Amino acid sequence: MSDLIGSSNPLSDEQKHVLRKIAGLLIPPSDEHNLPGADDDDIFANALVLAQSNATEVTSSLDALEARANEREGSSFAGLDLDAQTAVIEDIFGLLEPVVRRITSAYYQDARVLESINLKSTPPFPGGHEVEVGDWSLLDPVKARQPFYRKV
Amino acid sequence: MAEDHVDVLIIGAGASGAAIAWSLADTKMRIVCLEQGDWMNPHEYPSAHLDWESRASGPFSFDPNVRGRTTDYPVNNDNSPISVANFNGVGGGTILYAGHFPRFHPSDFRVKTLDGVAEDWPIDYDTLAPYYDENDRMMGVSGLEGDPAYPPKPAVMPPVPLGKSGTMLANGFNKLGWHWWPSDSAVATQQYDGRDQCINLGACTTGCAQGAKASTDITYWPHAMRAGVELRTRCRVREITVRDNGMAGGAIYYDADGNEQEISAEVVIVACNGVGTPRLLLNSTSTAFPDGLANSSGLVGKNLMFHPYSFIYGTFDTELDGSRGPSNCIWSQEFYETDLSRGFARGFTYEIVRGLGPASTAASQMVSGQIAWGKDHHASARRVLNQTTGMVGICEDLPDERNRVTLDPELKDPDGIPAPKLDYTLSENSRKMLEFSIARATEILEAAGGHDIESMGPMPAGGWHLMGTARMGTDPATSVVNEWGRCHDVKNLFIVDGSIFVTSAGVNPTRTIQALALYVADSMKQRLANLFD
Ligand SMILES: Cc1cc2nc3c(=O)[nH]c(=O)nc-3n(C[C@H](O)[C@H](O)[C@H](O)COP(=O)(O)OP(=O)(O)OC[C@H]3O[C@@H](n4cnc5c(N)ncnc54)[C@H](O)[C@@H]3O)c2cc1C
Ligand code: SF4
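Residue numbers (the working numbering), protein chains in the order written: chain R, 19 to 170; chain E, 72 to 604.
Simulated from the structure, these hints should not be mistaken for lab results.
The reader is advised that the hints may include incorrect statements.
Sample of chain E residues with no beta-carbon within 10 Å of chain R, all distances over it, derived [unchecked claim]:
#1 D97
#2 K235
#3 P489
#4 L602
Straight-line C-alpha distance at most 30 Å; calculated BS3-like pairs for lysine-lysine [to be verified]:
#5 R/K34 with E/K446
#6 E/K562 with E/K183
#7 E/K99 with R/K169
#8 R/K169 with E/K183
#9 E/K446 with R/K138
#10 R/K169 with E/K224
#11 R/K161 with E/K483
#12 E/K503 with E/K183
#13 E/K562 with E/K596
#14 R/K39 with E/K446
#15 R/K169 with E/K246
#16 E/K224 with E/K596
#17 E/K562 with E/K99
#18 E/K224 with R/K161
#19 R/K138 with R/K39
#20 E/K503 with E/K99
Small disclaimer: the values here were computed from a predicted structure and weren't measured.
Beta carbons: idealized from backbone N, C-alpha and C, even for Gly.
Okay, chain R solo, but in the shape it has when bound (with noise of 0.2 Å):
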């Protein structure tokens, strides 16, 4: 994966220093379900590759944030503590809905978060999925209404 990451990616190594920040405080690791955070190197490398598409919307909110962090804690995002950092995020969570949704869509396609919320784990195709039928006798109430359309 990441040979993915090309030198053709429009994001500054600094800027994507502080998306892996991000993206590792908005899906921490998990114990309890054995599951890495949104900062793991194959996740990333996804988020990195979905940043490449219309990318100067992630820059803006990158800059954004660093604004912010500056504003508020006088330092650049990253010279700043963990709890700070979580305060400029949340301070400015609206702004960050390109990085938000990138960080997101690449950690909920990888195939072990996908398994670990009974998902399958390779493409849908070929295989598919199992879909109850499901109990058309629900239908009856319906079934016994009286054709309803205008007629003309």
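Guided by the hints, dock chain E with the ligands onto chain R, whose structure is given.
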């Protein structure tokens, strides 16, 4: 070089182009279809890949401006709250459509007479009924007979499964005593006509890798081609040419290498959809038709109708289908027919959306705050993922001449052809209908046990139904084509896509688009000796 001359030239290989090609094939005329896009390779569909949700928002996005394939044309949606969704390739929009396959109702053809709005159609339900039946057989429609919201109609295959999501919401409808019924679906629930049956991939709107969904590349086209129709891909038509006598002469198009080519034809049929067709006609100017071909009424491009969509969903305390299973499930037409006490004319259909994929659900619910970030994330996500379901409300849009497609003065496709520009305003009637649909859907979700209900309307990305821009009628002053699809101004030029709709009804349009295409084909066949009189 010998002249490239055919009897019938069809432009566009989507839902309607495929249907009319197949129907006309038995005339043994030489028929060629030009399509700007490619044949699809099902193995490239997102559902054959683990990151299917990301692929669905990139190369398989239904927004041509996002997808940006060289086979696409851009659309200027800046002046519209709803943007165009389509697909350009063999199969057209059916490659990405959900396959919801409702018919119009008898009342949909008589809106002026019944409700005093818009215009009546020059044809009625009974005229189209045999063509609906024929199209159902060709596409392979699953459903259940006996829906009290409709006149009797056949079901070719058993309905798609109810599933956990459908069961949950069916209970909600039943508590309120409101109508619901298994959705008629262009999805094979059994092996059908060489197609495999649905295996619940749940990615119908990104292309069906299983081949169960009836896209016309695997339904009509193989039959049409076996019967002798020639389909040329990567042929983008710039303009329809006009002969000295004012008849359509054929078309000028760009081939795969961008070279200009010309083809001549005795009959030209346009099937480029409600935006692509007016774009092509408006770009086909000549001394005889300075304002665009077949546009003496000035109505080409006008009366653009979408269906404004509402989207209402809630979270439940139990596992539901999530993205597993066809997009189609059940529908409700409780609020379909006009009841002016609701504050608007006409009505809408609810279609149940089983659930979305985990990545899109997690992303949108993180943003909305329903799923927590940080240390509570995992517990919170597990209360939402695979536990949301809801519905869309498909609202009838009434025609309004101010809603229109024109040519953008600057934006162009890769071959330099002007792109379409939309001007569209949501009407007061639509706004009220959207509000009503959200309020009633909230009641349904609550009755079914849902909570944290969220909604939007109109869906900004939901311009997937494109209608009305070259409408049908008997009066050349107020319509573009006559009651069997022939342009009033050009007697060998036909239009068969959603452009010819007079009104939009409150249902998805493709079954009606295709029934109309088959009806136009039959009308032509019956008049072959004097088609141009
Ligand atoms: C995501 C999505 C979901 C949908 N879901 C549903 C649903 O559930 N039910 C339903 O009824 N409908 C649905 N639709 C709409 C449905 O796809 C359309 O109604 C239907 O495809 C329209 O048929 P058509 O023949 O008018 O045009 P299209 O199918 O759009 O075909 C037009 C064809 O013409 C070609 N073309 C255009 N211009 C040119 C040119 N200049 N030269 C050469 N070729 C050209 C295009 O490439 C295209 O292939 C959906 C659409 C989308 C995008
Ligand atoms: S759910 Fe059925 S129709 Fe839809 S993509 Fe999967 S197999 Fe095809």
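For this session: Would you list, in rising numerical order, the hints stated earlier that this structure does not obey?
Result: Per hint list: 2, 7, 11 and 20 violated.
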